Amino acid sequence: MAQNPYEILGVARDASQDEIRKAYRKLAKANHPDLNPGDAAATERFSEIASAYDILGDTEKRGRFDRGEIDATGAERPDPRYYREYADAPGGHPYASSAGYEDMGDMSDFFSEIFGARARAGGHPGGQQDGQTIRMRGQDVRYHLEIDFLEAVTGATRRVTMPDGKALDIAIPEGLRDGQTIRLKGQGGPGYGGGPAGDAFVEVSVRPHPRFTREGDDIVLVLPIALDEAVLGAKVEVPTTTGRVSMTIPKGASGGQTLRLRGKGVKTRGGGHGDQLVRLQVKMPETIDDELAAFMETWRESHRYDPRKGMGEGR
Amino acid sequence: MRYTEDQVVAEVRTLTVERLRAWVAEGWIVPATGETAISFTEIDVARVRLVCDLADEMAVGDEAIPVILSLIDQVHGLRGELKRLVSAIERQPEPVRASIRQEIAARD
Numbered sequence: 001m002a003q004n005p006y007e008i009l010g011v012a013r014d015a016s017q018d019e020i021r022k023a024y025r026k027l028a029k030a031n032h033p034d035l036n037p038g039d040a041a042a043t044e045r046f047s048e049i050a051s052a053y054d055i056l057g058d059t060e061k062r063g064r065f066d067r068g069e070i071d072a073t074g075a076e077r078p079d080p081r082y083y084r085e086y087a088d089a090p091g092g093h094p095y096a097s098s099a100g101y102e103d104m105g106d107m108s109d110f111f112s113e114i115f116g117a118r119a120r121a122g123g124h125p126g127g128q129q130d131g132q133t134i135r136m137r138g139q140d141v142r143y144h145l146e147i148d149f150l151e152a153v154t155g156a157t158r159r160v161t162m163p164d165g166k167a168l169d170i171a172i173p174e175g176l177r178d179g180q181t182i183r184l185k186g187q188g189g190p191g192y193g194g195g196p197a198g199d200a201f202v203e204v205s206v207r208p209h210p211r212f213t214r215e216g217d218d219i220v221l222v223l224p225i226a227l228d229e230a231v232l233g234a235k236v237e238v239p240t241t242t243g244r245v246s247m248t249i250p251k252g253a254s255g256g257q258t259l260r261l262r263g264k265g266v267k268t269r270g271g272g273h274g275d276q277l278v279r280l281q282v283k284m285p286e287t288i289d290d291e292l293a294a295f296m297e298t299w300r301e302s303h304r305y306d307p308r309k310g311m312g313e314g315r
Numbered sequence: 001m002r003y004t005e006d007q008v009v010a011e012v013r014t015l016t017v018e019r020l021r022a023w024v025a026e027g028w029i030v031p032a033t034g035e036t037a038i039s040f041t042e043i044d045v046a047r048v049r050l051v052c053d054l055a056d057e058m059a060v061g062d063e064a065i066p067v068i069l070s071l072i073d074q075v076h077g078l079r080g081e082l083k084r085l086v087s088a089i090e091r092q093p094e095p096v097r098a099s100i101r102q103e104i105a106a107r108d
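Keeping their order, the protein sequence lines are chains A and B. Per our numbering: the first sequence = residues 1 to 315. Per our numbering: the second sequence = residues 1 to 108.
Mixed in with the good hints, there may be bad ones.
In silico lysine to any residue, SDA-like type, Cα no more than 25 Å apart, as pairs [claimed, not checked]: (1) A:61 x B:13; (2) A:61 x B:57; (3) B:83 x A:43; (4) A:26 x B:46; (5) A:61 x B:56; (6) A:26 x A:13.
Keep in mind that the hints were calculated from the coordinates and are not lab data. Quick caveat, the model's predicted, so the values are computed rather than measured.
Whole structure, please, built from the sequences with the hints as guidance.
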C-alpha cells in the first residue's frame, strides 16, 4: 500500500516547497537505480520517492492531496526501464567500458588475459599517459543497417559507408536475428599516438517479409489451400527461403493444421537447420455455386458432425 | 525496437529535441548512423532518461554529467567482468571453490 508522501520524503506537513525539493533531491541521489546497479530494492524505493515528489513537488497536486482529493499513488505511471537493466545487453553494451587492470601488479596479466579482449573504452575514449606522448584508443562507431528477411536467413555481404566516409564490407552471417550486433574489430575511429583503433558496431534490423515470418530457428509460412485439396489431399508447390519444394497435403487436412518441412528453416547455432512450418488455411472458392451448395445440403443430412465438440459450455 | 529522434523526444517526458542534439554532440548519447538517418535503441533511450534524471531531478550540472556517466559505464563494465568471473568460479569443482573462499576470507 502506498505510504504517505510526506513520510516517504521525510518532511513535515507544513514544509516549504523548497524544503520538499531539497529532501527529494537528496533521496533521489541516494536511491536512483542507475547509481545503485546491484540493489534490487532501489527501483521500488526510487519510484516511491518519485511518486511522492510527483504529488508534493506540484503545489496544485499537493493541495489536492492535502484536501484528500487524490490518494498517495496520485496518477500512477508504469516504471520506465532503467539504464542499468541493459548492463548485460546481448551483443555487448555499447557504452560499457573497462579502465583495465594495470594497477593490479602481477595480477594485471591474468586479468588482461581473460578480459583483455573484451576490455574497451565506450563512448568516452580513455587516455593513457606514456612518458610524454598520450596513447589513446580510437572511438567506437555505431552503424545501423537494415537488411531484408531473406538476407538474414541465407547470409549476405553488404557494403556500407561509415560515418567517417570509409566503405566497409559487412558479412551478414547466415541466420542472423533481428536486433543482433556485428562487431568489427579495429574498424572504428583511428587511435591517437599509436593507440589502437576503436571498433565498429553494426546493429542490424531485419525487414519483415510479406509471406515468411520467423519463430526462433523455424520459418513460418501460411499456405492457402483449396477446399478440394483439403478434402482429397494434394501435392502442391510450397515456397521456401531457398526455392520451391513440393509437399503433400494429407487427405482431410484442416485449416490451422501445421505441416513441417524438415531442415528448411534457419541455420541454428549448433550448425543444423530449423524447420519450415507450413500453416494450412483452407480457402473457399470465390462464389459458392448452386452445385456445391446443393451437394452440401444433401451431404449434411446424413453426415452432420460437430467441430466444436469438446469446447464445453459457457466461455 | 528502434527510435527516431522524434520518437525519443516523445518517449521521454522532459526531453526536447535541442537537448537531445546537444547531448549527442557532447558524446553522452551515441546513436547509430544509418543509411538515411540516425537511430536510437532502447539502451540509448534508457540512457537519455538517466541524463534527464540527473539534470532535472537531481540538479546535476552539465560539467558533472559526463563524469557520472563515465563512472557508471565503468561500474557496468566491471560488474559485467565480475559476473563472468563469478560464473566461471561457479562452474569449478567444489574443492576449487572452497579454496577460493578460504583465500578471500583470509584476506579480509
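Non-conforming hints, listed in increasing numerical order: No numbers; nothing is violated.
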